[in-house]
Each structure stands twice: as structure tokens, then as C-alpha cells.
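Residue-level listing of the chains:
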Amino acid sequence: MRTGLKCLLGMAVCGFSFVCSMAQCPPRPQPSTVVQDALTLYSQNGVLNAALALGHSIDSAGYTHFCYKYQQGANTAEAPTLRLNQGDHLLLNITDDLSNPGAQSKSAMDMSAPAGATCGDGGPATLQSTNVHFHGLNVSPTCHSDDVLTTLIQPGTPGFQYDIQIPSDEPPGLYWYHPHVHGFTEFQVNGGAAGALIVEGMEKYRPEVTGLTERVFVIRQQFLVPWVPGPYELTLNFEPTAPFEGPEPIIQMKQGEKQFWRVANATLQDFMPLQVWFNNVPQKLQLIALDGYPLAEPRSVETILIPPAGRAEFIVQAPPPNSYSIFTVLDYPTGPTGNPDTAQPLGIIQLSDASSKLALKVSASTVPTAGRTPTPPAATPKTSIPQTPPPQTSQDHLKFAGLKDATPTTQRNLYFSEEFAGTNGPIQFYITVDGQKQKVFEPNEKPMITTHVGAVEDWTIQNRALETHAFHIHQLHFMMLEVNGQPVANQDMRDTIEIPFWSGKGPYPSVKVRMDFRDPTIAGTFVFHCHILLHEDLGMMHKIQVLP
Amino acid sequence: MKISIRRWFRRGAAVLACLGVATGFAAGASDPHYVVTNDDALSSNSVTFYTVGANGVLTLQQQVLTGFSGIGGGYFSANRVVALDDESQECVYASNAFTGEIVGINVSTLAVGGSAYGSTTDTGITNGIGLAVNAQYLYAGFSDFSTIGTFQVQPGCSLTFVNDTSVSGLQGGIVSAMAIHGNTLIATYNDGSIESFNISSGTPVSNGDKQNSTAYIQSQGATYPNGIDITQDGHYAIFGDTSMTTSIEVSDISSGKLTKTVSYDLGGVINSSNIMLSPDETLLYISNSQGDRISAAFFNANTGTLSSGCTSSKLINYVSSWSYLASLGLENTTGTGGVLYVAEYGATSGIAMLQVTTSGGTCSLSELSSSPVVDPNSPGLLSIAAFPPRSF
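As you go down the protein sequences, you meet chains A and B in turn.
Quick note on numbering: this note's numbering labels position 77 of the first sequence as 77, and the sequence is numbered without any gaps.
Quick note on numbering: this note's numbering labels position 96 of the second sequence as 96, and the sequence is numbered without any gaps.
One chain only, chain A, in its complex shape (with noise of 0.2 Å):
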């Protein structure tokens, strides 16, 4: 979609309505400072357990951000990343601080209140809601778990407990949370609400990265507007980016060393082409996992496409002495009618003797908790992955394992496509089973599939629309089969992918996907969706019931 005067028009519906605020949302840092990671907490055999609250703020360019606080004595850390085994619990208790009644304005968007929202606070569905979606999880959607569909969380209660169950057998890597009410998602996650999650032991399956020093950042993007795709700002672990030739986040790495790079793309809807350049010469990255799954065998890459809500791991190789060194984003063509992504430096790269104190690591034990759920002590802060090398384990022990000879037990078609009425709306946003009436999402739809506990499905996901879109599925990862009726070279396992946008003739672009329903864990109701959040949020999503 694109713009027009749509921000006029969103600043009178919708934008002023924070004007008044409170900063509930802890300081940033500043442009053109070292990088440093989010505060880490640890799980403690066997649970990690901690509270967090959202609130939002204004920031000095007039951006309304909402963000994840977590208490730390005196002050407030935003957005920890979770660490935990797998086999943990994590015990997350969730307080929705959006208490400012001029928050009370609901966007052009009418929504409704799910039907059925009885997990949690229920009550409507509206900005001041809030809920978590654990991202790339293989955990069940039931209540108080990784569930979307009826938990809401309102502001002025309690709080809601989650208790997620981290499979014995979940691959190891990056994931991440962030708030999803129907509606709106794109709002809450627009310029904060968004933390990454790490599941241990990634060396165990890619002893490549043993040793090295480790860097988790997540990519934000926010908008004046949320809905409104017009100018944006990146930021790295919250730090401003800026276009070519304004101040950027430095990044340290120790001369000659490698590290282990973590990055969440928990933008709204930017489609990131990411590299790493030496005096203006892409390099190779050893690409280790992607979306939280750690590649069969490394992969030597100059460039790594992660969509919106991806995740990408990967060995990064320090720059040599006085080299112009930057992290860094393509331009990436969305369509026609999509929105431009464009190519900007997300960090430049600097080398320094004092990178091992970058990580900010602080234990968690030490973080009052009055009137929250007590955390436990945790664990020793890590400042890299283990020195030594454990016995590589086979990923026929991670979840997902045997799925590329199993048998698929059902073929389905399903396609994304889009109307426009204008250039401002009213625009459909639609994802379609084939043969299926096209509809936008409701709360009280029924299911748009139905299948079973036990089946494997191989899906063909095409985009009939003139703009790239990101196909994510709850509750599970799937596996790359085919693009555009070719054979993948790399039968990855993902649970986010871009889908090219059509040009207007010839074939829709598609891809084929293996989804694997055969965990009883996942049992349950749960959605498939766009993760462009605006296209979420207007619809683009349907329910798929598996049943026990």
C-alpha cells in the first residue's frame, strides 16, 4: 500500500491521541554510539521466570513507541532477550501499563473483540490490549501459552502468567516476542515492543560458532503512523540508523576475531537483503542458522534476505585495520504497490580491544520484584558461546526431523491477493485457500483449514498480489520444498518467507512448503498470516485448526 495524505489523515484520527502521554518507556541511546545488547536474563534450572510490563512513550522526533519494560531496581531495562534450554519453562508475567486514557481513540480500523477472548483479562480487543506471541516456537497455542486467539490482556489488572514449555527437542537459536491483538499489532510493535529469545545450544548442532564472542541485535522500525508506510527510521537494539552519511551505530569486534551474530528482523514490514562490507566490498558471511534453525551444513554467503519477523545467524570475520566497515541493508523491490524498502548502513563496524564488555549481562537476581512474580537468581552472565567444543549432536534429534522423506498426506493451494478501491483505502488484504471464498479475517471466523494431529501437508503458497508479502505460520516451522515450481538447493526449515510480489502477467510467484503437524503439542487453534503487521492487522490472516 502506498501513501498519499494518509499521515494527515492519520495524525487526526489517530496520532494525536498520545500527544499527552506519560514516557513510560526507558531512555534510548544515542546516535552514533557503541551497540550494546539488551539485558540478558537467564533461565535457572530449568525456569526462567520474570515480569514484564508495556508501556509506550513519545520520543523527542514526535514517534510514539510502545516498548517492553523490565524492572532493574531503580531503573528500567527494555525489551530483555530470554535465554533458556531447551526443556526449560518460561514463566512470563505480563502487566499492560497503557493506562493513559487518551490512548482510549481507536485507529480507522474498526475492530471488534475476539469472540471467545476468554483467556487472560478478556474484554475488546483495542490498542490498550495487549497479548504475546512467542515467535518461531514449536509450543502449544493454548492458554497460557504461545496462544494469540483468545488471550488479551487489559490494562489495570494484575497481569497474565505465561507458562511456556520449551520442547525437550526445540532447535536451538533465535526467536522473538512481541504483542499481537488483531488490530493491532503493527502498532505495539511499531518502534519497540519487540524482544528476542534464545534457546541454548546452538554449538551443539554448529560447533562452528564455539568460542566466539556472540552479538544479539534486533532491527526495529518505526513509523509516525504506524499504518502509514511513509518515511521510517531503523534502529539497532534501539539505536537510530540513518540514511548513507549520517551518524550510525558503531559496532565492535576485536582485530582478527569472528563473532557470532544474532540478528532479529522485528520490523513492521521491511524485507531486509542484509551484508557486510569491507571498504565497500560485500564479504562472505557463514550463514549458521536461519529463523531460529541451525542449518544442516554452514553456508558461505554475501547476502542474507531475512522477511519481516526472520531471523538470521550468522559467523562474522572482523575487518581488517583502517577499513570503512558497515553492517548493512539492500534496497529490496516490494512490488508496485508495496512499499519501499530501501538500502541504508545499519552499523558501522570498528575495531576496538574492548568488545568482550560490550554484552551488558546483568543477573536477574538482583531485580526487585515487589508486586511481581519473584525471579529466581540466574545463571552466570556468558560473554560468548562455550570455549569447548561438545560432541555434535545429529539434528535427528530436533524437532522436525524425517520430515523431508515423510509422506505428505494432503496437497493444499493457498494464495495471497490484495484490492484497492483507492490509493488510501479501502484496501483487502487477503490469504485464501484455493477454491476457498476470499474473505478478511474476523475473530469468530471458523477455521479456513482443518487437519490433524499426525499429518504432513505440503502447501503452495502463491502471490497473486502486486507486492511482496511474508507468509508466517504460529506454532510451527516448515520446510523450503520449491520456488516457483523449482527445487530449493536448501531444503531450509523456516516459519517466516518472503513470497516475490507478481508483476501482473505470467505465473504467480509461489512457494512450496512441507508443514509438519505431527507434534501432539501443537494440537490446538492457531493462524497463518502476512507479517507486513499493517496487512495482519487488516486481515491478511486466517485461522487453521489442528485437531488432537
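If you're looking for bench data, these hints aren't it; they were derived computationally from the structure.
The calculated lysine to any residue pairs, modelled on SDA-like cross-linking and capped at a C-alpha distance of 20 Å, are:
{"no.": "1", "chain 1": "B", "residue 1": "LYS260", "chain 2": "B", "residue 2": "HIS235"}
{"no.": "2", "chain 1": "A", "residue 1": "LYS446", "chain 2": "B", "residue 2": "GLY221"}
{"no.": "3", "chain 1": "B", "residue 1": "LYS314", "chain 2": "A", "residue 2": "TYR508"}
{"no.": "4", "chain 1": "A", "residue 1": "LYS446", "chain 2": "A", "residue 2": "LEU547"}
Chain A is fixed; fit chain B onto it per the hints.
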């Protein structure tokens, strides 16, 4: 907030209108022949006049400032500029979506004749203000609060506000486009429904025929009527649909009311929000608004039926300069209309020019080598009109 903005703009408008008159924008042509745009500019909206030269090629003649503000976008089908070729005066009326004023421009002098605005809720910030005009009244569909304003046409291309009428679709939709014929005004809503009104007394009065279109029902909401045209004899109303294909619907209105529409799916080119009948009613021109080309279907005015016709090649500079196609205009008021003009919306907006040819039951649409002509005054062109207008 809105009121103060409106006042500010009105003060500015008065100054600009005076300047316009003082500088004397006189075309001086005794038989004016123009294609005009509503530039829909944000800070200082204007109407740009293009002369129609040999072989239908357009040349930018003059920009006339309206003194108010547009929004640079909105519904494809809302006609933001309309032409009136009455016995007593020749006018072009343009809407200013941000502030709500309707401005009349004297075609013979290319000067603003007057302006009027409706009630405090009569604005089109969300999706523009569509217009329809006859010799007595001008109707404005305001997209913010879904009202149809009635304005009385006055000498000198000025207007006076009469009243406004709140309207809404069956599902609560907003008025998107309007067309008038005789005592009938037909409106589309953005929720798939359509409605006709009796305008014999000036103010629209519903004919009680509000209904969902056939294509809307069949598609379960995925297709909905947008642009409208009405045959010369007032027998049929034709609707261009917002759709994933080229979808047209026809309703028999010979009774004075809308009847159930007959739906035509004419092919795979995406979206058909803007339509226009040729003067001889043999062709229906279809702007594939979301795509990159123009289509034409054969129309039988006796039966109200459509059949497949032709589609142009991809128009020049699609994507690189513009990304949507919108309203249509014609070089001539007879036959198939000569050169077909199409508004191109984008970073470089302009008007595409296509040669229409028919032969032996076939047709073709070929873009002229000099196409498109750029509209440097528009940040997003959606509406054009030809002067003199088609006779119906």
C-alpha cells in the same frame, strides 16, 4: 482543529482568487477544447488545463490555483473534477478534499468564478470528494462522514450550498462515486452496495433500492462496485468493480430504480474501478486501476449487455513513474471518442493518451508515442475531465 484549518484556508483562498483574477488567466479561445485535471495538491491545489491539439495530443496550457488543498489520493472513482457545458455558461468544478471547498472555474477565462463549502463535516480527507453536475445542481460526495452535499449552480461558475444528506451503504459503507442522469443520482458505497436517489427537487431522496451488487454477493465481499456510468437514454447503469479481475456490472434502471445487477467477468487484468462509455455507447472503456493497462468492452446499448473487447499493452513508465490508473476522458464527443485519456497516479503523475480503433467487431487500444503528458502540478493524479464533456 478542523474548523481553524478551514478558516485559514479560506482566508488564503480569497487572496489567491483575487490574484488569479488580477493576472487574467484568459485562454482567449472561442471554442475551448480542454482536458482538465484536479491536481489534488496538498499545499496549494490547482486545476491544470491542457489543450487538445492535432491527433488528440495534449499540451499543458495553464494551471489555475483553487486556493485550497487536496490530499493527493483517495478513491479511484470519485470524480474530483467535472465539466458543465450549459447554454449559459461553461464551467469546470473541482473539489478540494482537505478543506472541503468546491471551486468553479470559468472555462472561457480560466479564472476562479467562485467557491462554496458545505457543513462542517463535509470534507474528504480520507478518500476525496467526488462530484457530479447538471445545469442546476452540483452534488459532492464527501468521504469523511459519507454525506452528499447539494450545491446550486450559480452564474459565473459559482455555487451556493443547499444542504447535505447523510448516506451509507447496506453495511455502513462510505459513498465513493456518483453519477447523475435526469432526475436520478446513483451512488456506490465502499461496502459493496449501491443506491439510487431522486433529485427532482434538488436534494437527493433515496429511491429505496439500496442493495448489494451481484458480484459482491457472489464473491462474498471480495468484489464491489466503484465507478459508475449511465447510458444516454437512462436505461442502464454500469458499474466498474474493484476486483481481482476486470469485473463490470449492469443494472436496468428504466423503472427509475436500480435492479439486480448483471455481473460480467471480462478477464484477468486486475481491478476495474473506473469506467466510461464512448459517446456512441458501443465501447465501455475500463481503467484497470491497480494494473498497468486499459481495457475496452463492447457494449450493446439496446440490451445492456457486454462482451469482451480489447486490452492495451502495458502503458509507458508504469512503476517507474506512476503506479495506478484512474479516471478517463475522451478527445471527442462523438463516435468512440477519438483519443482516450487516462489519469496516471504516481511520483510523476500524468495523462496517458491512447488511440482507439475498431474494425469488424474487434478493437485495439494503442498508446501514442508522445504519451504520457506529465502533470507537473499533481503529486497524485486521479481525476481528469474533458471539455466539452460528453453529452450524457
